[in-house]
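Listed here are the chains, written in short residue letters.
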Amino acid sequence: MGDIQSSAPILGARKNVDPGQNAVKRLQTELMQLMTSPAPGVSAFPSADGNLLSWRATIEGPEDTPYAGLTFKLSFEFPANYPYAPPTVLFRTPIYHPNVDFSGRICLDILKDKWTAAYNTQTVLLSLQSLLGEPNNASPLNGEAAELWDKDPTLFKTKVMDRHKDIDDD
Amino acid sequence: MPAAVASRFQDRRRRVFQSVFHTDLSPPTPQGVPLPSANLSFSQGLQYHSGTGPTVGSGSFYEEDTQATAQTGFYNPSDQGLLVSHTPSTSFHSTVTAVSQPSQPQLVPPDTGIGDQVAYDNAWRLVTARIALPSTVTSSTPSGSPPQDAALPCDGEFWDALNHIVNASTLLPGALRTDDIFSWHTHQVRAHFSQQVLPRLLDCLNTRPPEDGDPERKGSNQNGTNSITYERHMVIVMSSIRTLEAALGLYSHGFDLLVQGVTHTKNAAASSAPGVNIDVLASRFRRDIHALVGNSASQQLTKSLRTVLVRLVGDVLGIPAEGDDARNLKSRRPAPPTVDDHKALAARQRLHGLVEQLHNVGLSGERFQVLFAEVMDWMMSTFVCGAYAGVWSATDRRSLSSVLNTVSRSTGSSVTSPCIISLMDWVENHFARLSFEVLSRVSHDSVSPVTLSDLKTYQSLALSRLSTLRIAELFDIVLAWPDSRGALDDLRATITTSARRLQLTTHFTQALKTRLLHPGCSTLEILQTYIDIIHTFHALDHSKVLLGHVEPSLKLYLWQREDAVRIVVTGLLASPEEVRAARKVKELGKQQAEQKKAGKRPEVETRRSAGKGSLVTPTTRGVSSRTPTTTRQREKLDMDASSATSNKGSASGTGKLVELALLLNDPTKTRHTLVEDEELDWNDMNWVPDPVDAGANYKRPKSEDVIGTLISALGSEDVFIKEFASIVAERLLSLSDPARFDQELRVLDLLKRRFGEAALQNCDVMIKDIEDSRRLDDAIRRAWDEQRKLAAATPVTMSGHFLRSADKRKKAAALQRQQQQELEPTQYHARILSRLFWPGLDREHFLLPDPIVEEQKRYEQGYEHLKSNRKLTWLNQLGTVRVELELRDRTVSVDCTTPQATVIYAFNDSDDGDLEIDNDNKPPARRTVDELYNTLQMDEDLIASCLEYWVSKNVLRRLRSPSSSAPTYVVIESLSDPIDNDLPSQEDDTFGNPATTSQEGGAQPAESAKEEGSKQTIDPKEQERRTMYWQYIKGMLTNASASMPLAQMAMMMKILIADGFPWTNEELGEFLAEKIAEGEMEVVSGGKYRLVKK
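Heads up: the protein sequence lines correspond to chains A and B, in order.
Numbering-wise, full-length UniProt numbering puts 150 at position 150 of the first sequence, and it's gapless, one number per residue.
Numbering-wise, full-length UniProt numbering puts 576 at position 576 of the second sequence, and it's gapless, one number per residue.
Okay, chain B solo, but in the shape it has when bound:
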């Protein structure tokens, strides 16, 4: 039995395959095969075959097979029909079973219907043979008609057979086992699809270099911009479509035969065909096929399709492809295609064709629609980002007007931003149109796939994307203010919901933190940006609510910047010259747009150069007017020491916050502040309610009020007033001409409005002090003049080569005042300050030159004469002095501070100044710091800085004596003098005044000279440090590790020395090399250093 079974087996299996997979179906199988074994073999054969089946998972087949086997084993032969009816749902299996059915009759137990059954089976065989599918599907037969059946055999035999099958119940009542020929066909189609078509599709996907000429593809190629990837994907898509078309042709051919047969039967017999509804069958068949195709679309195909869609849709919508060859920016930026854009038109046609083809082969199902939606979504994002990123100013009006005609009703008239209008236009005339075109091609029902409400949805989507873009750009928009108003219009129109407002504030706060509020930004930059922020946000949202939301982090950070208040105040007090310069810069900036982008720096530089022309000459009074920093850049060195205010300004080198002064002087802005406190204006037609996200105590501000916002941002008013007072004090003391207090008074007024009169009383008193001083000063001097006239004035010549006039300010115990001295040579003025009202002015002790002390005494007497019961306390360090130095070959005239004047006066030779002028042979005066310290009782550091000042003025020269470490300073009597003729040590004086000191204004800044000095090896501090470092190194190599590489040592030193370790690795290396030379250390293997063992 087994052997017999085995041989039949093979025979049977071969036939089964032939019957299923070959078109030339062999004639009906000889009957008489025992069914159980047949079924078994069949299932085994399937199992075997499923291993090679390329597309169908063998697992599922296996399961079905075993199930079938089990069933076969269970049922007896007579139940075979049951088996068939059980399994039609399993596509492949049931198909084969159905084919094999004709072989069954023999085995059926004889009963009454045996003849019918045989007839039925024969008919079945005939029909299935006719409509069986070929084993190959080729795209070379695009017509869709099966090649082997070019002539449709419409012979009666077929019709009869079909009739028998279809109407089996009536015509062949005896046939018990019947089946639905249509479902048989459907099953066979499924099997064929998975066995034959899917592999073909896979082949299509693997097609790499497209060789076969596709006319349509060539057509799209003419655009010349198609990239290779696009072409490849296009080929994949097209060949897939072709394959599917061919397959579908085959399937529908068989189906058509059946349908025709049924129709024919109906027509011929006109008998009552029980419930075979052709239409229902046809639609079901189509649905099945489409489901089959739609579900079979592989990822690879989807990917290709996506690429193709992206390309085509992009062309239609005017979005350049990523790999576009045209690199120039113009074409890169997406723009709606014009009406006569051939490329767009071609792409549109191509897309239409493609969509139709897809629809025909059933690939336009849900998957395609999702894919299309994704592509369109991506397109919208790309378009918005591409077309509008960085486009903040109005696009040119020409294109706008054309757009205005086309865009319509859907956007409200309130929207005026050009970006938004053009975007709306794009959505309406391109985006929505394309969506409509595509979707209407794939949709089944007649309802329009894109309605007007859809269009609105699209537009709002586009708007939200634009708003996201603008929000992301907001920081740059702020920086570009005021050229970025266009972008703000966009933003204002798009941030309509509170959620979006929140998004804006959070995003901007984040941007602030990362881009502005870090140590790399100077306070000035932060404040300047802050002003721009105020402007921008005011333009964006008049209610200031948004500003209020982004401010906290900024405020918090500014509180950490100690100099913020000072910068704001000095900015407010910026002098008219600076303001003028700043204005010029603004105009300049308008002409040179690119400078704007570069930030504030060019502005500062231009401001400087603009200011250069207006050098202010010192007044005859002997006190230089406090010229703005910018006018004196050339004399930067003067500034360093001449006065606190200008010193600060010039040393910083970044200018001031003149924007504030500009605002302060802007008449329009002032008007705004006046209106501020008025009640609600009932006639205000632009009134809008408070924004929803406003706080509880929200009060609507009327103007942008930059200054007010800034001041309130800087913390408590106490801090601000204090800082203001101290700055005003400085300025009052340094300004010589009280007529120039306008600026101060104006700022004072502003602050009074804000903080109240009482808070600023001190400043009032201070200003009054200065004014009073002037009167008092005049009075005292008048009294002197009278005295002198009486004394028949013998003018006392001030000793020597320096000191023409002096101007000092003092503080009295209860009162302060100023004094002026007028001797022919020496004028002495004083300012009297009320001690209680001026911010802390410390007294600094040092001895003034005798002539000045005498003047002070005289002034004091005069003052006490005028105001009894009051005393003067002199604040010597606050004065300014006009110094004229008569040197051997030149006269130096300088405005400087009192300590500086005192120091240089100390070089005046003790015996008599005349000596130096008269006696050329006398060596120039020289002093050391220690000597000066003893004579002047001045702070050593102050002496040093004063000396450096004079060195920078080319009046003194620093010598380094070989014996003592303290440098000696010597007067440069003549610029043509050789550097040195008496001190050999000067040869290595590299930092002093090299060669001839005649360079113009060429003295080095005091600072740098100092630094260089500290690097000299002889410097005791340096020596001390080196000793200490050596201790560290010894300790390290004794304890931590016997030998260490240089880098590790440097690192350790950096970690361990609390004051820091300033040396670079190279310097440390040099130091160690010295120690090696001294025999203290040695280098061992691996470049490690270690101590020499002793």
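Here chain A stands alone, though its shape is the one from the complex:
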């Protein structure tokens, strides 16, 4: 009993959707999830130019870790075949951490070979948040930090505070 007027044109078959389109769709959904059920201490959002394949995220340092009270900015770059390939995640805020090097690159298995399409932005952020409290000292990018983490927590904390610097947003 359709209304005659509701004759919105049927768009042509969407056969040749460009692959990035799927990623964008997925990211839109992820964003919606992030917004409707936000996890504490983490948040993420597409960058200001409206490019859905490039996000900015924020992690608050967990309590009872040397990073308590600090916030860290990250950047997510999603490939066009996301979620079948992991996003490239970088710390934009300088951070002193065993698994993060000085240019912000992160050593985390789920961002490399352990990635599956079941992960999403939120899980990545939560993993990173927990990584702050529990670094994987077996495969450090920052050897000194890995050493200090166990030997001298006080010095470690000092180094963390020295290195940390709130970055201004664009």
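The set of hints was computed from the structure by calculation and includes no laboratory data.
You may find that some hints are simply not true.
[To be verified] List time: in silico SDA-like cross-link candidates among lysine to any residue, alpha-carbon distance up to 20 Å:
hint : chain 1 : residue 1 : chain 2 : residue 2
1    : A       : K25       : B       : I1055
2    : A       : K159      : A       : N136
3    : A       : K157      : A       : L131
4    : B       : K1088     : B       : Q1048
5    : B       : K1054     : A       : A48
6    : B       : K1054     : A       : D49
[Claimed, not checked] Ranges of calculated distance between the beta carbons of each label pair, as one might list FRET restraints:
hint : chain 1 : residue 1 : chain 2 : residue 2 : range
7    : A       : R163      : B       : D930      : 53 to 61 Å
8    : B       : T1027     : A       : S130      : 44 to 52 Å
9    : B       : P552      : A       : T116      : 46 to 54 Å
10   : A       : Q21       : B       : L975      : 38 to 46 Å
11   : A       : K112      : B       : M1051     : 30 to 38 Å
[As the list claims (entries may be wrong)] Footprint (simulated), chain B over chain A, 3 or more residues, beta carbon under 8 Å:
hint : stretch
12   : 26 to 37
13   : 41 to 48
14   : 55 to 65
Beta carbons: idealized from backbone N, C-alpha and C, even for Gly.
Once you have looked at the hints, place chain B on chain A.
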């Protein structure tokens, strides 16, 4: 040596210039100047001079000079004669050299012929002095005779000298270095032309405001329409002509002198003049001069000439000039001038004069002819476009008949289109005539420049232009059908080649794509246009081949429109009332031609108003007949919910494709379809072979068969039949009176012819079901009546204030049927449908009111009594109910659907309906959606829409309770009741029934009420959305950028929220303002928003 050379130099140079450029030629140069230096100085002087020469490129001169210099350096003095003979081809140089020749004798080594040489040189000097050209050319001497030589000196000295020169070989055999005096003169003319005349011409071109009174120009000015540009160009042309005339006068004067001299010599001496043929010389001279003039015509002059020609030719041919002052449309449209049109006559004379003048001065060469051809070509295009664009109907017969007398043999008798006839006439009597007149004035040979075959060419050119115009207009022609038949006649007569047919189809397809097949056009509009296209193309080309070529894109697009089939079917099934209304509209449209142009919309509106008068009253059976949408516009709200069919029609608001029903009912059209399948008619005198561009499987159709074309255009027959079945099902279920199935049956017949009996078996069964149901229904009720009589009938009064009769349709497991109930208060009818043959009818579960359920049970029993082994399955949602609501101050009687009736019945107070009537103090019944959901087990959305229906009927009122978000509905027992006396929250109930609800039929449409409701801030969904948006904003400002302007935020939201972001920037601004007020946000510099840091 250098010093001496230098001084001689200057002296020499001065004399050279004097001898060349001044009329008062100084006496022969003192001889004794060393030749090499002389020649050198001469060339240098030239070099110097060429820098100031205004018109001749100095480069070319320079080259010649250096060449000459080199030669001079190379040759020894005795070879001077060689130099001369080498260079005559270089105009300027050789001229000067020739002049300087008389100074040579001294240097010539003494030999036997020295005396002859001297004599020759003296003679040469004398003659050249005589015929040398003046330095100025003025147009003030239009007579053409050189002023300084008013009296022709015919003294013997001149003749003798000339004789010597001309017959040098015999008279002065000793003179070795002789030259042709005629070529000398020609060279000098060339030099003079480039040095003196061309600058003058340039001056002419630069003449801006014409000051000097030109009588002829004044004459043409009397027409009063000459624009300033035209005048200016005219002045340029005329002054150029005058200058040239003056110059040519000078040149021919010198030439005449020579010729006379030669003739004189011949006559006097009668000696054997060796091969000086005067005629040959004269024609060569004229040719040279004309070539000179023709090649010198500058672009500026050409431009001016073009303007002048365009104006004059336009006047002659009746084409208004672009800048014409007369703005009114009548005069704007080109039309052949009448015989006594003074303007045209004047222009014609002026043009003739101009062409002759041009011819005389040599400007009528190829360039002019090309220019004229271009102008004429432009004129033809302008005339065709101007005179016939948008002129589709026959021009008035008066002018036509006059034209018919003049136009002739050249056009075949088959052409009847008035446009074409008048165009042919114009080409023959104006265009070709003018061409002839002009070309015969400029052509040299006696052969007629415009032959009859040329005329045919012109006419075919004009025709092709007309066809191009019509092809470009074709889409508009289609829209204007049937008033555009005239244009189609033109087109039919002009698209004679397959190339042009191809052009037509490609162009039209393109027009379709840009003008029709886009989302802005409703399917109805597209289909209506399609019908016009079919008509138009059939009129254009009976073979339908052209139509076949333009259809594919249209078909392809229509397949994307889901509702196309439905529109076609409903159009076919349009009721007689609609058809009648449509007919009226057609008649109306004929009277008001301008409405046609406006498109279909006025038609629809008129149709509505036409239908208003015939309101159909509900039948006594309690089921309203399915009145057409148009008859019930006033009760639009009723329609919204009363039945699927009418709902669809009225909600769309655009009417139906009644054209189809019209065609279907047109007896002439039907006859055509009957003939269709017959074999080739051998007696058909109008038979023509199939068009060349027909396809391989081409089969000639006999009629335009709009319906058939349309149906076949809509894709596979399966789709169509399915859609048809479902629509017929709807209609059968909604129609109460089986006598009105005519239309359906007729369409069914049509479709059967097309698709075959088997394909439409379902529909047959469906119609039969309905007919059977009626009989069965009667039988069951008769059985009841008997029972009741036996039971000594104590009539049961139906409870309360509603429900008089009901009419339901059900579906049985194997069978379907209808039932009617007749209790005094409640009549129950049913229709029994055969499940397998009806298109999918879903069961929708909800609880019917108890009395109805009882009726159903009784009906079921009666049915099973009649037909054992069969069961009924009730399809409750498909019924219609006549409801009568007795409210405190009024009685509302409405036809509605079963769910609607069920919902309103639920407001019937549980204890007893009488209570409400009896007890005025009892508060009106109220229900919420949730309560109804629990009691009725009906789909919530359906409940909501039913409630809105009753709100629109002024039976219910919606309240919003402060506590719960779900609205409460309350019965409006009395229209005079204050809106509310017990619920404070109602004060901000802006959307309910404001003030007194007594406005007539004034309830708002259910739709809008719903929308307004959703905007209330309390709406939970809205609240949810706002929370979500706030999350987005927070996420955005936390991560993407710490501060952002409003517009960017809105844009981001629009991009990022998959379901869309419906807020405007203003709404977002309000929202953000709220957040600022709550201390969540702040505005920083540049109007950017950011989160407050905590």
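How the hints compare with the structure:
1. A:K25 <-> B:I1055: Satisfied, since the Cα-Cα distance of roughly 11 Å is no more than 20 Å.
2. A:K159 <-> A:N136: Judged against 20 Å, a Cα distance of about 18 Å means the pair holds.
3. A:K157 <-> A:L131: Measuring from Cα to Cα gives roughly 16 Å; hence the hint holds.
4. B:K1088 <-> B:Q1048: Given that 20 Å is the threshold and the Cα spacing comes to 10 Å, the pair holds.
5. B:K1054 <-> A:A48: holds (13 Å)
6. B:K1054 <-> A:D49: holds (13 Å)
7. A:R163 <-> B:D930: 53 to 61 Å: With Cβ atoms ~59 Å apart, the hint holds.
8. B:T1027 <-> A:S130: 44 to 52 Å: violated (28 Å)
9. B:P552 <-> A:T116: 46 to 54 Å: holds (48 Å)
10. A:Q21 <-> B:L975: 38 to 46 Å: Violated, at about 57 Å.
11. A:K112 <-> B:M1051: 30 to 38 Å: For M1051 (chain B) against K112 (chain A), whose Cβ atoms are near 35 Å apart, the range 30 to 38 Å holds.
12. 26 to 37: holds (count 7)
13. 41 to 48: holds (count 6)
14. 55 to 65: That given contact holds, which follows from 4 residues of the stretch 55 to 65 of chain A lying within Cβ reach (below 8 Å) of chain B.
In the structure shown, a violation is registered for the earlier hints numbered 8 and 10, in ascending order.
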